[in-house]
Amino acid sequence: MNSPSTEPLTAQSRLNEIDRSMQWPTILLLLSAVVWLLTATAFALLASVKSTQPGFLAGCEWLTYGRVWAAYLNSMIYGWGGNALFGVGLWILARLCRRPVPLPGMLLIGAMFWNLAVTIGVGGIIIGDMTSIEWLEMPAYAVPLLAFSSIILGVWGILVVRYGRPGPVYVSQLYVLGALFWFPWIYLTAQIFLVYEPARGVVQAMANMWYVHNLLGLWLIPAGLGAAYYLIPKISGRPIHSYYLASLGFWSLALLTGWGGMRHLAGGPVPAWFVTLGIVASVAMALPIAIAAVNHNVTVFGRWDQVAASPALRFVVFGTISYTLASLIAIAMALRSVSEVAQFTLMVQGQTHHMIYAFFTMTMFGAIYFMMPRLLNQPWPSAKLVQTHFWCSTVGIIIMLVALYAGGWIQGWQMNMPTLDNYGNPVHLNFLSIVQNTMPWLHARTVSILILGLGHLALAANLLWMVALAILSCKKALCPSNSKLVPETAVS
Amino acid sequence: MKSLPIVFCGLFATLALSWAGILWQGQKQLGGLQPMSELYAIDPISNAARIESPQKDEPRHPEEPVGLAQQGKAQYISLGCVYCHTQQVRSQGRGADFERGWGNRQSVPRDYIRQERVLLGSSRTGPDLADFGQRIDSVNQLHAHLYNPQSEAPGSTMPPYAFLYQKRKIALNGEKSAGAIEFRDGFGPAEGYEIVPTRRAVALAAYLQSLKLDYSLPEARLPEKP
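These protein sequence lines map, in sequence, to chains E and B.
Under numbering that gives the first Met the number 0, the first sequence is numbered contiguously, ending at residue 491.
Under numbering that gives the first Met the number 0, the second sequence is numbered contiguously, ending at residue 225.
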């Protein structure tokens, strides 16, 4: 069995065995992720329409702008982001541990509790129990369950590593383990500092920004980078450009991210040294960003035929290129002279969406396109729908980013910088005129959400179709001996 | 994975650094801030301000929020006002917060020590509200604005909060209720009806009125009146 000629097949069947051992919990996580993505899209569309037509559905308290916006943020981050992160991250972790996973039931329970908690939380926001603490809007009664399920899923991840086959540590494992370990810590810290034992005064604001920045930088971003580090070599068949750099990139990201959040408080009522530290850390992020750019993009550079041929790779490469761009913009926006204008404008929202959508979400889409055929032993039923999804997501996010960056910059400039009147005196544009000037950009945002939503529907339709086909031929799918192996480098 | 414990030490240490540096250090530096009176002295040793010979009647700033304003803040939180309104005046020279009339002095950490939930905010789709209480001309106008922002600020994108108000038939003798809102022409309810704020609207208005930066602190003096 171990002769060189059969080696690839053995490795292949081992991977297949691992996929099979965590098949249903992972499928549950990925399907829930897509359901939450559709929910988030609907909330985003409603909020975006309301931001230009404030009278739209205004009589309904549950659908007032503030609540819909918070519901959007939470279903996007915890619903879509969390489910995708756990589904993709834990699957990658298990595959790199080279042994079928222990206790798949624990994964299933963690996944169910997580979704229950997010449902309670988003429902609580809509009915008016939200906290108005950014990215922690879920009411206190959803918190223990959310924290508990994240701990279950984290402990399960550690068990997978603990009982895995001994071998080298892959950088993807580091990223996933980091995300699993850091989340409960930052989440519980923030909840204690902000809700259960509120800290005095602006220490709350600092804890909030520390959390927001870390949720993005130490949870969603590591998961996206880990997935990219796994999928790019896997699909392209080329090794990562530099393994030494990859590890350096991980540890420098881990060290620097935690400080960066303070830059959001520039000019605010906090001691200036915290802000300065945040700006320095944000600029120093250039190192891990450059490493990720080299490792991801150089590995596929010049292999555009492969990128074009594999939808999964195309999504992931779009994601990693976006990571570089979004990070560079974040560095620029950290500088005091830029943040004086960009602070409090649509640009902040633009940068967040650049990271969460153009990088994280696109990378997760790539991972889902790669994983589902292997989990269900069933190819994607429609290549056209995959194409539709890719182009809708690409065009939609580009429109959104242009609208938010350009609209936000104009908004910030008009809000903060004087113009000279006929007599040479500095005057500031009337606030309501600034609001009116953002209108075209906000309309563009609504259009972009519609296009993105179309792409999400294409993904959902394809996914449902695929699951239905798998269930119809379930004898084949559920019995490993009958299943045809899907080669790892196959076009998926 | 043999190096699992080492990896976890690394994961722990990296986050612990920023945890200690920001949260613990922030708590240490700002967690002990006390309210201050207008009369204070600078301690020659620690260089910190302290209240000189505390007088019983002298107001301490910031003042303890009153109950009704607290209830109004709960509405502000529940409706998600923070997504469009900040509550922080940046220092003079940074942006145009002063020029826009959003405050006469910058906000400092001491301004927030009595707040159980600090709502600094991060988006200015609407104007800053740290000193909003001083810009309110009349409660009636504030209610009219909350009921339908278009009446007071045409072209505003603020959502109307009409669900915080009650539409009632005017009593048979034609006398309006005490709290009924007076509207500008064309914005009032149909003939024979009046709009009355509910308890929630009254509380929200009280909270908005309480947002004031009208006191001096040692670290942030109001400009001397000419």
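Source of the hints: derived by calculation from the structure; they are not laboratory data.
Just so it is clear, CB atoms sit at the ideal spot from N, CA and C, and this is done for glycine as well.
Wrong hints could be hidden among the right ones.
Derived EDC-like pairs (lysine to aspartate or glutamate); straight-line CA-CA distance at most 20 Å [unchecked claim]:
id, chain 1, residue 1, chain 2, residue 2
1, B, 211, B, 136
2, B, 211, B, 57
3, B, 166, E, 60
4, B, 27, E, 60
5, B, 211, B, 62
6, B, 211, B, 190
Partial chain B-side listing against chain E, Cβ under 8 Å, derived [claimed, not checked]:
id, residue
7, 17
8, 18
9, 28
10, 33
11, 35
12, 38
13, 95
14, 112
15, 171
Structure-based check of each hint:
1. With a C-alpha separation of about 14 Å, the suggested pair residue 211 of chain B and residue 136 of chain B falls inside the 20 Å cut-off, and the hint holds.
2. Simply put, residue 211 of chain B and residue 57 of chain B have alpha-carbon atoms about 18 Å apart, close enough for the 20 Å limit, and the pair holds.
3. Distance check on the hinted pair: residue 166 of chain B and residue 60 of chain E sit about 16 Å apart at the alpha-carbon level, within 20 Å; holds.
4. Between the alpha carbons of residue 27 of chain B and residue 60 of chain E the distance comes to roughly 41 Å, so the proposed pair goes past 20 Å and is violated.
5. The hinted pair formed by residue 211 of chain B and residue 62 of chain B meets the criterion: a straight-line CA distance of about 10 Å does not exceed 20 Å.
6. With a C-alpha separation of about 37 Å, the suggested pairing of residue 211 of chain B with residue 190 of chain B is violated against the 20 Å cut-off.
7. A hinted interface residue such as residue 17 of chain B counts as satisfied when its beta carbon comes closer than 8 Å to some beta carbon of chain E; here the least separation is about 3 Å, so the hint holds.
8. Taking 8 Å as the C-beta cut-off, the interface hint given for residue 18 of chain B holds, the closest approach to chain E being about 7 Å.
9. Given hint, residue 28 of chain B at the interface with chain E, holds; its Cβ is 6 Å from that chain's nearest Cβ, closer than 8 Å.
10. The beta carbon of residue 33 of chain B is not positioned within 8 Å of any beta carbon in chain E (closest approach about 10 Å), and the interface hint is therefore violated.
11. For the restraint placing residue 35 of chain B at the interface with chain E, the shortest Cβ-Cβ distance is roughly 13 Å, beyond the 8 Å limit, so the hint is violated.
12. With a cut of 8 Å, the hint placing residue 38 of chain B at the interface with chain E is violated, because the nearest CB-to-CB distance is about 22 Å.
13. The beta carbon of residue 95 of chain B comes within 5 Å of a beta carbon in chain E, closer than 8 Å, and the hint placing it at the interface holds.
14. A hinted interface residue such as residue 112 of chain B counts as satisfied when its beta carbon comes closer than 8 Å to some beta carbon of chain E; here the least separation is about 4 Å, so the hint holds.
15. For residue 171 of chain B, the suggested interface contact is broken, since its CB lies about 28 Å from the closest CB of chain E, more than 8 Å.
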